[in-house]
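Number of protein chains: 2
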Amino acid sequence: MTQTRDEFEARLRRIGDERYHDKHPFHHLLHGGRCTPDQVRAWVINRYYYQSRIPMKDAAFMSRVEDPKLRRAWRSRIEDHDGTAENEGGIARWLKLAEAVGLDPDYVASEAGILPATRFAVDAYVRFVRDKTLLEAVASSLTELFAPKIHAERIEGLLANYDFANDVSMSYFRKRLSEAPKDVAFGLAWVLDHADTAEKQDAAANALIFKTNVLWAQLDALYSAYVEPARIPPGAWVPGTGLALAKAS
Amino acid sequence: MTQTRDEFEARLRRIGDERYHDKHPFHHLLHGGRCTPDQVRAWVINRYYYQSRIPMKDAAFMSRVEDPKLRRAWRSRIEDHDGTAENEGGIARWLKLAEAVGLDPDYVASEAGILPATRFAVDAYVRFVRDKTLLEAVASSLTELFAPKIHAERIEGLLANYDFANDVSMSYFRKRLSEAPKDVAFGLAWVLDHADTAEKQDAAANALIFKTNVLWAQLDALYSAYVEPARIPPGAWVPGTGLALAKAS
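Top line first, the protein sequences correspond to chains A and B.
Take the first sequence: its position 162, counted from the start at 1, is 162 in the UniProt record's numbering, and no numbers get skipped.
Take the second sequence: its position 30, counted from the start at 1, is 30 in the UniProt record's numbering, and no numbers get skipped.
To be clear, the hints were calculated from the coordinates, so they are not data collected in a lab.
Any given hint might turn out to be false.
Where chains are identical, the list cannot tell them apart; a pair therefore holds if satisfied intra-copy or between any two copies.
As the list claims (entries may be wrong) - Capping the alpha-carbon separation at 25 Å, the derived lysine to any residue pairs in SDA-like fashion look like this:
{"id": "1", "residue 1": "Lys149", "residue 2": "Arg231"}
{"id": "2", "residue 1": "Lys200", "residue 2": "Pro234"}
{"id": "3", "residue 1": "Lys132", "residue 2": "Pro55"}
{"id": "4", "residue 1": "Lys182", "residue 2": "Phe164"}
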């Protein structure tokens with residue numbers, strides 16, 4: 001049976017309550033200051049891959065949208081990540097964080113050492129958005145509903161616990177605090193408007209579950225590889241490598 | 001510089017020595033008899049997803065091959081997995097193993113409870129074969145070079161250590177012992193014939209590395225979810241569920 005708009009929105013929010021990666025033990029280690037510097041670096045290296053694919057995901061979405069108004073509303077996501085004349089963009093800000101934690105930003109941007117499981121999960125997300133219905137693609141972006149809380153926890157936890165955390169290195173998260181709510185207000189309204197049958201509501205809810213799995217699997221892979229007893233897969237980043245010269249010398 | 005045929009074959013075999021999943025701690029637990037029944041079940045449930053996608057991967061490959069001779073040589077892989085009038089096929093044999101370890105084969109075939117990381121890795125493999133060059137697609141199948149050893153270890157280790165292991169439940173592995181060498185002899189010769197520049201040799205070697213990552217990531221996900229301290233991701237199979245009725249009652 002088709003849910004009312006309010007019921008359906010509550011269903012989407014429950015998915016976040018139950019499955020968003022702020023429940024993952026790696027998040028607790030990180031914002032609680034219990035990650036070692038190398039575990040923070042592993043997170044920065046792998047999360048870079050996710051950041052780097054978001055604008056490709058958004059371009060894949062826009063390539064399938066016939067409505068110029070929808071494309072125009074979506075376009076700011078690419079600008080937010082890739083930058084404009086006035087705004088360096090989220091990817092550049094992420095590389096500042098990489099530098100702040102002692103990594104060579106060129107190493108991070110080279111994508112060497114990314115965990116294969118990170119690639120598989122992130123690539124699955126890009127392909128989901130490329131292949132599924134527009135409704136499922138927009139719905140999969142709604143993890144942003146839950147992002148302000150995790151960004152605020154990260155800023156607070158990192159600032160309290162790590163020397164590297166300062167206004168420059170935290171700029172990615174601060175900027176997302178203002179960008180994500182604008183994006184998600186649009187995305188949520190669009191999904192609520194367009195999921196007008198039970199079948200479409202199920203598809204949209206499953207798309208959001210899929211996306212929570214994409215995020216959860218990334219933290220699982222990090223935890224498995226770099227938290228004791230660490231099992232780093234062949235070819236993935238090994239602590240002590242990829243450091244900025246000043247730090248490595 | 002282009003390697004000689006022998007040098008290039010040795011390079012491919014070294015990839016297996018260094019990266020094949022017979023080096024993974026989950027494999028050692030399993031064939032050493034140190035997996036609990038629930039860990040064996042988790043392996044059977046997740047590995048089913050891999051089995052189920054292999055014929056789709058092979059069909060994706062054949063859909064891009066213009067040469068009828070190559071398609072004809074490849075076709076037996078689909079028959080081996082999906083079955084023929086005389087041969088039940090690998091997927092049906094895998095479900096017999098599922099039954100032998102106490103699982104409801106319908107539950108296993110439903111694909112409910114598969115780890116998201118298993119899906120991401122396996123789907124990445126199907127898409128790799130669909131999207132990359134034919135050479136890379138064939139090269140990615142060459143993990144079969146290393147499979148007879150792991151199948152033999154599994155048969156021996158499972159028979160020695162687990163009550164469920166018998167001729168029926170082990171039939172999948174026994175059959176693969178004769179099927180895989182035939183397939184890989186063809187695939188290896190094809191890759192050695194077609195990788196006739198340094199660039200193509202690199203691409204083929206990277207394709208084989210990619211495939212070892214696909215296999216390794218599946219065991220990493222299993223280990224992370226089901227070996228103590230177990231961290232089962234939201235929605236994945238929970239021990240005690242999905243059992244065959246006789247066993248569950």
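Verification of the supplied hints:
no. : hint               : result
1   : Lys149 with Arg231 : between (30 Å within a copy, 23 Å between copies)
2   : Lys200 with Pro234 : between (41 Å within a copy, 23 Å between copies)
3   : Lys132 with Pro55  : both (17 Å within a copy, 23 Å between copies)
4   : Lys182 with Phe164 : neither (29 Å within a copy, 56 Å between copies)
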